[in-house]
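J.: What follows is each chain in one-letter form.
Protein chains: 2
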Amino acid sequence: MAKLTSRKEDYSKWYNELVIQTGMAENSKVRGCMVIKPYGYAIWEKMQAELDRMFKETGHQNAYFPLFVPKSLFEAEEKNAEGFAKECAVVTHYRLKNDENNPGKLIVDPNAKLEEELIVRPTSEAIIWSTYKGWIQSYRDLPILINQWANVVRWEMRTRLFLRTAEFLWQEGHTAHATKEEAIVETKQMLDVYADFVEGFMGIPVVKGVKSANERFAGAEDTYCIEALMQDGKALQAGTSHFLGQNFAKAFDVKFATKEGTLDYVWATSWGVSTRLIGALIMTHSDDNGLVLPPKLAPIQVVIVPIYRDDEQKNKISEVADKLVKELKSKGISVKFDDDDTVKPGWKFNEYELKGVPLRIAIGPRDLENGQVEMARRDTLEKSFEKLDGLADTIELKLEEIQTSIFDRAHKFREENITEVTSYEEFKEVLENKGGFISAYWDGTPETEEKIKNETKATIRCIPLENIEGTETGTDFYSEKPAKFKVLYAKAY
Amino acid sequence: MAKLTSRKEDYSKWYNELVIQTGMAENSKVRGCMVIKPYGYAIWEKMQAELDRMFKETGHQNAYFPLFVPKSLFEAEEKNAEGFAKECAVVTHYRLKNDENNPGKLIVDPNAKLEEELIVRPTSEAIIWSTYKGWIQSYRDLPILINQWANVVRWEMRTRLFLRTAEFLWQEGHTAHATKEEAIVETKQMLDVYADFVEGFMGIPVVKGVKSANERFAGAEDTYCIEALMQDGKALQAGTSHFLGQNFAKAFDVKFATKEGTLDYVWATSWGVSTRLIGALIMTHSDDNGLVLPPKLAPIQVVIVPIYRDDEQKNKISEVADKLVKELKSKGISVKFDDDDTVKPGWKFNEYELKGVPLRIAIGPRDLENGQVEMARRDTLEKSFEKLDGLADTIELKLEEIQTSIFDRAHKFREENITEVTSYEEFKEVLENKGGFISAYWDGTPETEEKIKNETKATIRCIPLENIEGTETGTDFYSEKPAKFKVLYAKAY
Ligand SMILES: [Zn+2]
Ligand SMILES: [Zn+2]
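Protein chains in written order, with my numbering: chain A, 1 to 493; chain B, 1 to 493.
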């Protein structure tokens with residue numbers, strides 16, 4: 001394998017090379033769509049398993065709704081439709097036929113035109129709320145707490161592996177409630193679930209906040225989000241949870257009989273995270289040698305590499321390694337003993353470093369004599385000698401330490417890259433030279449936000465929840481109008 | 001809830017009512033597509049988890065390939081393309097725009113026509129083999145053992161919930177091998193995995209066999225299958241494993257350098273099972289009272305219903321039930337204590353019977369005095385009194401017994417419904433009056449098979465593997481030509 005371009009040299013090239021060389025994903029023959037390769041998919045599976053557990057723990061069930069949305073349903077919630085209309089894949093025909101002028105080739109059969117076009121779901125509010133209409137008559141039918149694991153399609157013009165692809169995998173929660181309050185509680189609860197998952201499991205620190213009206217999900221009353229900071233100083237939206245008010249209930253006429261016997265529209269939320277998170281994972285932790293994975297997400301947590309000259313040495317090492325493998329597995333730690341003869345240990349070291357395996361154990365004949373092994377941490381690249389005695393316990397502790405330490409490092413970086421500014425001069429300077437989040441007072445108007453966006457490409461990533469709750473007020477650095485709270489600006493993925 | 005139509009009265013109506021009333025699935029607003037509701041999806045999740053485990057145990061990894069197949073790739077393997085061309089959803093445009101004549105409505109933007117149409121995958125051989133081309137240079141890159149969990153679309157004209165829907169969920173394995181022998185071993189191995197899963201986990205007896213050329217997967221050299229028999233005497237193909245030869249390697253020019261230094265085309269297999277299996281599950285085990293689920297597949301394995309007149313009784317029962325719940329959970333048994341006050345025990349009994357919960361435990365004050373509970377088996381509807389003492393162990397054993405007993409019953413039914421015939425007269429009579437599998441000698445020609453199909457609607461479901469291996473020969477009952485082996489005919493879903 002070729003050495004990666006360094007992050008300093010070209011961050012975006014580094015990112016692409018890393019994704020390709022680790023075997024996580026690649027571009028496909030279909031414009032803008034990626035192939036998620038086994039190593040990338042194994043990480044996604046770990047994310048899915050943990051999220052699914054968290055969703056079920058909070059009372060949600062999975063279900064599955066159609067891939068296609070008939071155009072008349074798609075357009076029912078006007079803002080939502082407007083928001084996605086420009087990036088929709090549209091199915092217009094249901095049959096191919098032989099091309100008479102080109103033997104062996106097929107053409108779309110003009111006689112198989114659909115009466116109504118089908119939109120490949122960019123998100124499922126429309127199809128789900130048209131279904132919920134049949135499920136909800138009374139308050140007794142509420143709440144409905146459903147999640148769906150699915151693929152969605154948004155016809156993006158500029159795509160990047162994991163970060164922005166025409167098709168991506170995600171989960172989308174869609175809940176229905178009898179009261180506004182309950183729907184808001186649900187919206188916030190799922191934001192907390194996302195924050196806990198992204199911080200605790202993926203080791204990525206996030207800011208919880210609310211989007212400005214400009215950046216809101218199309219059709220939402222409020223979009224809550226978690227925002228993360230990448231190593232190159234750009235922000236990445238890591239998850240969103242929307243309070244949809246009664247917008248979809250009104251669009252699809254979903255009313256329920258209240259306890260009091262009146263009729264009311266149902267309150268809604270939706271929330272989602274996607275394979276995009278894998279891009280965030282890479283850009284938060286990895287380095288010029290390759291991927292760095294938090295142990296909780298690593299498909300292989302520990303790799304054992306034997307170093308030997310002859311079969312006798314190999315056999316002795318294998319005996320020790322096999323025992324260690326067994327002990328680690330019984331602790332639920334995933335481990336690989338790589339005794340492949342066809343490549344050198346040095347090659348293996350590079351390979352597992354590239355792939356982000358959190359701990360590497362090397363065992364040579366000298367180590368055995370000394371009752372020890374060499375342990376290398378992927379995150380810090382530190383090496384140490386560890387006693388064979390109690391090694392499984394040492395490894396277990398070390399993995400926990402790495403999980404924490406990876407988060408702490410990212411958290412420190414994030415904290416160092418939130419800069420307070422009070423003037424537009426300062427704002428532009430920080431944006432250009434330092435990057436990161438810029439914390440500044442905002443007058444609350446879309447006009448100010450848009451002007452700044454047009455002039456600098458920075459957007460309001462969120463109004464941090466803690467700032468909304470605060471009482472401090474100030475002056476907008478751009479408009480010089482009074483401002484109720486500080487927001488976070490940044491350039492973003 | 002309404003009483004189900006009986007199976008005798010109208011089997012297909014019974015089936016539909018059962019799917020709807022149990023809350024497993026319903027038709028959606030999209031022609032031919034279903035909504036898989038939480039109860040149905042929970043069963044699918046259990047199937048997925050077990051299959052996924054079995055695939056990984058046999059060395060496979062998951063990955064994800066694009067939903068769309070560009071037309072030029074789709075048509076590359078001609079037989080495959082021909083087989084699916086007539087039922088393809090085709091994406092032709094990537095944008096909608098406002099309808100100027102109809103405010104608030106959208107139309108397809110004629111300026112956003114794709115240069116090349118995209119087919120929504122009906123199966124993924126084409127997109128996957130065009131990808132494998134980039135992954136395979138040498139024998140060292142082989143085998144590739146990949147599975148994908150995905151949705152696929154086949155534009156069926158007559159659809160039925162689970163059994164035949166325009167969109168369905170499935171898994172599709174796609175493997176690449178250096179030799180023909182290895183590919184055939186893989187094809188057969190996966191057939192065995194499917195048979196073990198369907199029999200051992202779903203309790204559905206199957207016949208392992210090979211398809212006749214007429215019924216082969218489009219693009220395969222051989223299609224292995226497992227065939228099951230439904231209660232109404234019709235067969236259902238429960239899973240297929242295809243030996244694809246070098247057809248896709250040739251279509252996509254996928255060659256590899258052999259150990260000997262020559263270049264050869266890669267050998268392929270593919271194999272899949274789908275949400276259709278849920279239809280087979282229903283039609284194998286269920287009865288006029290509703291669903292019957294094998295314990296291994298039941299989202300709720302045990303339900304506990306308290307029967308009480310006052311709070312004092314309720315509290316006493318709850319104490320015992322809570323302890324039982326804890327014990328069952330520690331054994332990995334999923335249990336629900338339904339102490340809902342708003343409905344009567346009788347209503348609950350019906351509900352859980354309808355939903356196929358394998359064991360129902362009823363506890364009343366008199367039972368407590370006698371140190372016992374009432375246990376009802378869903379499969380046999382038998383009731384018994386069981387001692388409270390050691391009840392969790394009793395339940396565990398009973399669940400195992402039910403799992404076996406459900407399979408045995410279905411197996412007995414299947415055996416009773418394989419009829420040997422030697423004349424066409426007999427064939428037609430059995431087909432009309434008894435149904436089931438008809439075992440008869442076949443001359444091996446597509447002509448005979450087609451004539452019989454046209455005249456009776458019965459098709460060759462498979463050539464049982466054991467018949468192929470045998471040496472017995474005979475005479476075709478229809479053509480009176482010599483025949484090498486007996487095949488199974490049936491009308492099929
Ligand atoms: Zn923090
Ligand atoms: Zn059998």
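Treat the hints with care, since some could be wrong.
Unchecked claim - Subject to a maximum C-alpha distance of 27 angstroms in a straight line, what follows is the list of computed DSS-like cross-link-like pairs (lysine-lysine):
#1 Lys-296(A) - Lys-46(B)
#2 Lys-113(B) - Lys-56(A)
#3 Lys-8(A) - Lys-348(B)
#4 Lys-97(A) - Lys-113(B)
What the hints contain is simulated information worked out from the structure, not anything from laboratory work.
J.: Looking back at the numbered hints, which does the structure fail to meet, lowest number first?
T.: As far as the earlier hints go, 2 and 3 are violated by this structure, in ascending order.
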